[in-house]
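Participant: Each chain, letter by letter, is given below.
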Amino acid sequence: MNMSLELLLATPFIGGLLTYIGGKVHRWVRNIFAVLFSLLTLGEMSLFYNTTFKGDVWGSLFGSKLILQTNPITWLFLLIVTSISLLVIVFSVDDMKHEEDHIVLDSYYMQLLFVEGAMIGIVLAGDLITFFMFWEIMSWTSYFLIVHGGKKSMDAGYKYIIMSIIGAYAMFVAIAMIYSKAHSLVYPDVALVLSQSSPTFTIWIIILLGVGFFVKAAVMPLHTWLPDAHSEAPSPVSPLLSGVLIKMGAYGLFIIFYGLMSANLAKNIMPSIFSTPVLLYIVQWLAALSIVLATFLAIMQEDAKRLLAYSSISQIGYVVLGLATGTSLGVAGGLFHALNHAIFKSLLFLAVGAVIYRTGTRNLSDLGGLVKKMPFTFVALVVGIIALAGVPPLNGFVSKWMIYEALLQKKEVFLLIMAFVGSTGAFLYVYRLVHSIFLGQLSQKHENVKDVPILMQIPMWVLVIATVIYGIFPGLAMDVIVKGMKMFGFAPIAYNLYGFPQGSTMGALKVINIASVLMISFVVAWIFFLLFSKSRKVSQYDNYAAGQVVTPELKYNYSFGFYMSFGRVIKPIFKISIERIYNYWVDAAKIFGDYYMRRVYTGNLETYNSYIVIVVTIAAAAVLLGGKIW
Amino acid sequence: MIYYLGSFLLIAIGLYAIIIKKNLIKILIGLNLAASGVNLLIVSIGYIKNGTAPIFSKIGINPSAMVDPIPQALTLTAIVIDASELALAVAFVVLLYRHYGTLDIKKIRSLKW
Amino acid sequence: MVKMILIAIGAPLVAFAIGLSFMMIKRKIVARIQRRYGPTIIQPIYDVLKLLVKEDNISHGVIFSLGPIIAIAGSILAVFFIPMAGFSMLTGSGDLIALLYIMAIGSLGMALGAGDSANPNASIGISRALTLMFGYDLPLVIIVISVALQYHTTNLSDIVAAQANGNWTLWTLPLSAIVGFVVTYGALGEHPFDIVTAPHEVATGPMVEYGGKHLGFLMISHAFHIYIEIALFVDLFLGGASNILIFYLKMFAVFFIMIMFDEVLPRFKIDDAVRFYWKWPTVVALISLIIVLVK
Amino acid sequence: MERMTEEQVKTIANMLRKRSLWMIHYCTGCGAMELPPTMTSRYDMERFGLAPYVTSRQADILLITGYLNVKTLRRVITVYEQMLDPKYVIGFGSCALNGGVYWDSYAVIKQLDRYIPADLYIAGCMPRPEAIISAFRHLMELIDSGKADGYKRYKRNLAYYKENQRKVLG
Amino acid sequence: MVNLANPILLIAIPLLFVFLIAFSSAFSKSIAKYLPIFAFGLNVVIAIMIIPDVLKNGLVIATTAGFKPPIAIDMVVDRLSLFLAIIASLLGFVVSIYNVFYIDEEPEEKFYALFTLLVAGVIWMIITGDLFNLFVAFEVTSIAAFGLVGFHRDKGAVEAGFKYLVMGSIGGSFLLVGVIMLYAATGTLNIVDIAQKSAELTFQQKFLAYALIFTGLGIEGALFPLNAWLPDAHPAAPSSVSSILSGIMTTAAIYAIFRITNTIFDYNQIYFFLMFFALLTLIFGEVAAFFQKDIKRMLAYSTIGQTGLFFFAFTLHSTNGLQGAFMQIINHSLSKSMLFLIVGGMIMQVGSRNIDDFAGVGRKMKVSAFFLAVGMFSLMGLPPFFGFWSKLKIIFAALQQTNILMVASVVIILLMSVVEGAYFFKLLQAMFFGKPKQDREIKEASLGMLTAVVVLGLILLFVSFYPTPIIDFTHQAASDLMNKNYINLALKLGGL
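Protein chains in written order, with my numbering: chain Z, 80 to 709; chain L, 13 to 125; chain R, 98 to 392; chain S, 44 to 213; chain V, 13 to 508.
In short, the hints are calculated from the structure, not lab data. Honestly, I wouldn't trust all of these hints.
What follows is a list of derived Cβ distance ranges for each label pair [unchecked claim]: (1) Lys118(L) / Leu459(V): 20 to 30 Å; (2) Ser125(Z) / Leu346(R): 55 to 65 Å; (3) Leu470(V) / Ala700(Z): 46 to 56 Å; (4) Leu201(S) / Leu609(Z): 42 to 52 Å; (5) Leu21(L) / Leu213(V): 39 to 49 Å; (6) Phe639(Z) / Arg196(S): 58 to 68 Å; (7) Ile37(L) / Thr463(V): 39 to 49 Å; (8) Ala211(V) / Ser139(Z): 54 to 64 Å; (9) Glu118(V) / Ile37(L): 22 to 32 Å; (10) Ile25(L) / Tyr674(Z): 30 to 40 Å; (11) Pro631(Z) / Glu298(R): 42 to 52 Å; (12) Leu201(S) / Leu346(R): 49 to 59 Å; (13) Thr463(V) / Ser125(Z): 21 to 31 Å.
All C-beta atoms, glycine included, are put in the ideal place defined by N, C-alpha and C.
So that you can see chain Z by itself, here it is in the shape it has in the complex (with noise of 0.2 Å):
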């Protein structure tokens, strides 16, 4: 059983390897292998439910013993990795058929189990030296995942990379710290040595490492690699990246605030507000800010992909937020929305991949009317958008619910209505989403789309059944949530399959009587409904417009600035970007380092010539004054 751990993690990557040589036999001996390796890591990663292993040590470097461990709570991560690896490998056989390459789709799908592999080192990991090299090889591998030809790509995945390095350095140098201090990176040495370290010290290892981790949850002020990069990969790797890959930074930061530091220690260190500590309650306003720009931006956007990653950045807010509550019941739902939006954002973006696949497009204004010609996908979406807007009976209301009675019980109100904002705004995008890709009308181009095929619509149907499952069934989840939770330290709290009683929350919850109302009434109102006589279907060029003949010639449909009048209230906010400021700091970095700095090589051999005699001048003069001069 020790040696498991090494296996599940070493499974993806020689399953990668694998698969790439396989690809030079026959494709489908490469898919075929794919599918296999996730399938078995996938298995694996099931034996290890409900278990603890503190530390199996796989190597030392440097005199720090390298260590891989597991728990409910990294199961909880395993499981999002090792299930969504497994959708979008299944997805991408079909989706990515289209590249006459070869080696590019051998390497493509190397580089998502090796992606995958990562991760899961990233969350077995049991040490921080093994935690960040494997945060790096994530890094690089899924650049390459993002980019795969075409300028704006290119662009995405150089932002995505510079940035996930600056953020990984941030780390690091938090890391040197730390092991300068505790000459180990063990989980409860580090822990140890932060808690007997003075407060300075601490802030500022929370501080680095948090930069780090922001970056790859994309949480507001350092969130602008995301919409790019999530929209401009291709359509498999959107879900993983979205779902899956900044789900890591919510672990790391999960990891951080109650592995490294317990919330005791950080309270002890720090002021507390609404008996939060003070870092804390910043990342909660960080969090909570990005539900709402993000929400904001989500709304405006024109392109399927990119609308869905800004909701990213809000929902990734929402686990953020619950995160940083430090209260049992906000931290629950965090780690439970991780999980539900990895869920329900995959079927998503994996809905509208399968749109694109058939279409080619995913400019929203460019679509309608697919409803009649993709059932299926259809369903998908609306269920994974009714999960993301918070709709009660889907699984994302009962994570958000949780959040917001964690909030309500300490009274951190203004971070509750903005969550509560972010979620209402949240109709708004996910509307625009299922109307103008699947409702109006449906273009002419379109008219002989069909349904994607079988094997792209196997992953949605699992993760439709998912999100109903753990929506109506929230306590399946909550098992592997509060078992972990109590090893870090957490004060259980009472749910049951159905929900959550009253008495650890101010209200209570029992999904399973919405449901089943909502179904009841459903099926009553239906039957009434069809008591009356039949409808006749008509088209869709049979249509209200004041008398006039609507031809198939006119675009008669309203898809463009779906909310452009909204867009006219939130104006003001845009006019400050994130990104420009960015942009404003690396061009006037970039032109202080081209003519300033590089231009000291300026091709005069005379100029060089005098910079030798004036080195050799100052260090003679150095030496001539006695080496005063340092």
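Take the given structure of chain Z and dock chains L, R, S and V to it, following the hints.
Facilitator: Frame of chain Z; chains L, R, S and V shown alone:
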């Protein structure tokens, strides 16, 4: 002492030529002047006033009155190196003139930044 | 058990009846304000039934037909959440927070259906409806939070119970109550927030392609909607009621005052409506919230 | 639940229809000028359950208010066909009856009945509100007795109407 | 039986082959091609044979001409110089193979002679235990390098060669003056001996010499601002030569600074002073590299940056820092030489050095591009490549001294790593995902050139995935240097 002064003067003149002069040939002259200065310096380190050649040809020569032989050996080596360098440099100058049609160092700066 | 089932069947019917009665009253009162005689009091019933028995119905697709059904289903679900004269079915199933979302199910369902009609007027109408919803949701959330904090629970029945003996939230948190009153206008799409269905601009907006039984269903769901919004206001601020008559009277009072204002107001442009909601009601609600926090 | 005969259902339905007549607010000509007084406080047609509605899907009555020129005819036909059964048409004023002052105009439809089935005509140029209300009352009676069957006629004689429409519209 | 594990052979064999090459051209031109391979093949074998001795004693001393040091010139090999010598020989060997397929310009035999001389000079510089010998080796290397830089004899090559020559000569003169001053003060040229005798010297006596030696070596070692020749010379030279120049020659000069500083001028304050040089070198190198359009020039600037990085690690003056520096040297030598070799092959195919023309090359030259990516990742310090371990070590070492200066330096280093990542990823992106220009048919590089690349690449991958021996070895080497085992052992083993 005069040797030291002379050698440093030579080096200084050489460096001056290297830094200030525009003509490639003058720069080379400067280089060589500096090298000569260095050689003079080396030799003068081993120099002893009224010293003898460091050869034990005859018995009864006071070793302490001998000129230190090592600097001389060093000088020889250095001279060889300088000479080869100069030869190479002159070859470069010829080629440069062919390519650029000028010997002005200010104009030979196609590689920069 | 029998009682449970009776309630389950009865509550929506009662809610519908109340909502419909308000629709009737409204038309009459409006007519009187405009110095008209007005239709017969049961005119809305005629309208709904006439629509339901139309011989011919058109549909633009399954989703188009499902829209009104989801609207009604969502409304019925919401009815169960709101304590009606002392009893409520779904206490402890999510409470206020869930209710805020459940209230949106109906409009989302209708939005889906309207979107499927492939009519730009409908799309514009929905765009406005959702924008307006976003607008009034901010003050609504704030007042809901204030009330929840005031009584330290999100359970609506508990909130109602805490207001017993005339200790209404209206007296303790008058600012919130005012905001809640203003929010109800938006939630019901009354003047001045009726730009969503503005007939002369977007041809009744989302309902543009709906006729016959679909439209009848939408009218039914509107009746529910009126009930839900006003009942929520009554439960939150007027202490609910222990018997149905008092409940009805309280609701009637609220509704009556609403119509009185309603009919003399012009119409907001949609962005102005949002700006309005995010300005004064939000500020006032925040003040009220801070008062609760400080208390 | 007792089974009602089809006849009974029809009777009840007609009774309901009569009490709730929604007219489409579609003004083809100058006759529409007389509708505002009819609607507003002085005559208040809401008394009879009559209300103006916007779209063709919602309305029961189509008013051809005044002259109907060829261009408008196309729209009128679309609107009429989009309306849900049962639906009624009222010709409004002398222009709708026989062309009125435009009797020799090449661009005006002289006989509405050839293109869409009118249930009722109101004479006058223009008809006064009293006349309009009287016409509505009359239509209600027709509906009640099941005689307002323009929509059925249209279905039955679709070929005839289409032929006529095609001749004018080309 | 002659003991073959003699460090002198490391120099003697290549020097012998230089003559052989020069003469062989009289008979057959094609022999000259293959002679360097034999030379450095032998060298590698000998270097490997020395390993056990060095591991056993920590130091191997070889003397010439039958005298004992300090009178005689001696070659001193400890762990540090051994591994540098191995790398140098190895690179010489691999690049020689590459040369056979790469060089197609007359006069070939002269090229091979100079090339062999260059590597021989580098090895000489690494293993010599005598200051004047160091100067001679320095000059031998320089002259060979001047010639090789100008080898193409086109406009850029000549200009670069001339500039390099002038600056190199000045550097040589300064070095010589410095050496002579030390000699004048101590009367000996043996490094260990000087270290012994310099204890009683005054500060000025000692460090005036040091300033001159440092400047001289710094010119060759590409320390800012003495490195202006480098970005001209590396691109102008044939790629195989750039590979040696960048991979081991600058490193050898830096090694000399390490050695002299650590052995003779071991003052704490001096490291402080050097650190500024290191950081400036790092900053200016990386920043300038970011703006380059010429791929080789970019790599050349990147070399400056990397030099700054490991020189910084050296100036930390701790075992960990030194270990990091040595690891980074290994990383840099292997990766950067490999990069230059690959880029050389690519330039042959593309026909241009402009980065924009490299768009889409990665899809055509798959093996080359793969190893290019590996090398770049290693240089950037991305795991699981070797550069990650070395960067990890350097940062850990830097932050062991927790003062604000160190944190600032670490921030600078990491910022510059970001810049490095920026330009490397820009290139990689263009190469793998850019739209290729259609005007030229691009094929994979020839098999022989690939062999060289693959050998280096596999070595790099091997040390990446199995870094433990290197880590242990460098740790030993670093602690040797820190504990002055060089002097102690040399005294013990009769190095004097």
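Participant: Now, for every hint given, state plainly whether the structure supports it.
Facilitator: Hint check:
1. Against the hinted window of 20 to 30 Å, the Cβ-Cβ separation of Lys118(L) and Leu459(V) comes to about 47 Å, which falls outside the hint.
2. Distance hint for Ser125(Z) and Leu346(R): a CB-CB separation of about 60 Å, consistent with the stated range 55 to 65 Å.
3. Leu470(V) and Ala700(Z) have their C-beta atoms about 50 Å apart, which keeps the hinted 46 to 56 Å range intact.
4. Here the CB-CB span from Leu201(S) to Leu609(Z) is close to 29 Å, at odds with the stated 42 to 52 Å.
5. In this structure the hint that Leu21(L) and Leu213(V) lie 39 to 49 Å apart at CB is violated, the actual value being about 26 Å.
6. A C-beta distance of roughly 44 Å is found between Phe639(Z) and Arg196(S), which places it outside the suggested range of 58 to 68 Å.
7. For Ile37(L) and Thr463(V), the hinted distance range of 39 to 49 Å is satisfied, since their beta carbons lie about 45 Å from each other.
8. Range check, Ala211(V) to Ser139(Z): about 40 Å between beta-carbon atoms, so the 54 to 64 Å window is missed.
9. At roughly 28 Å, the beta-carbon separation of Glu118(V) and Ile37(L) lies within the given 22 to 32 Å, and the hint holds.
10. Evaluation of the 30 to 40 Å hint for Ile25(L) and Tyr674(Z) yields a pass: the beta carbon distance comes to about 36 Å.
11. As the Cβ distance of Pro631(Z) to Glu298(R) is approximately 26 Å, the hint placing it in 42 to 52 Å is violated.
12. Separated by about 56 Å at the C-beta atoms, Leu201(S) and Leu346(R) satisfy the suggested range of 49 to 59 Å.
13. The given range of 21 to 31 Å is broken by Thr463(V) and Ser125(Z), whose C-beta atoms sit roughly 46 Å from each other.
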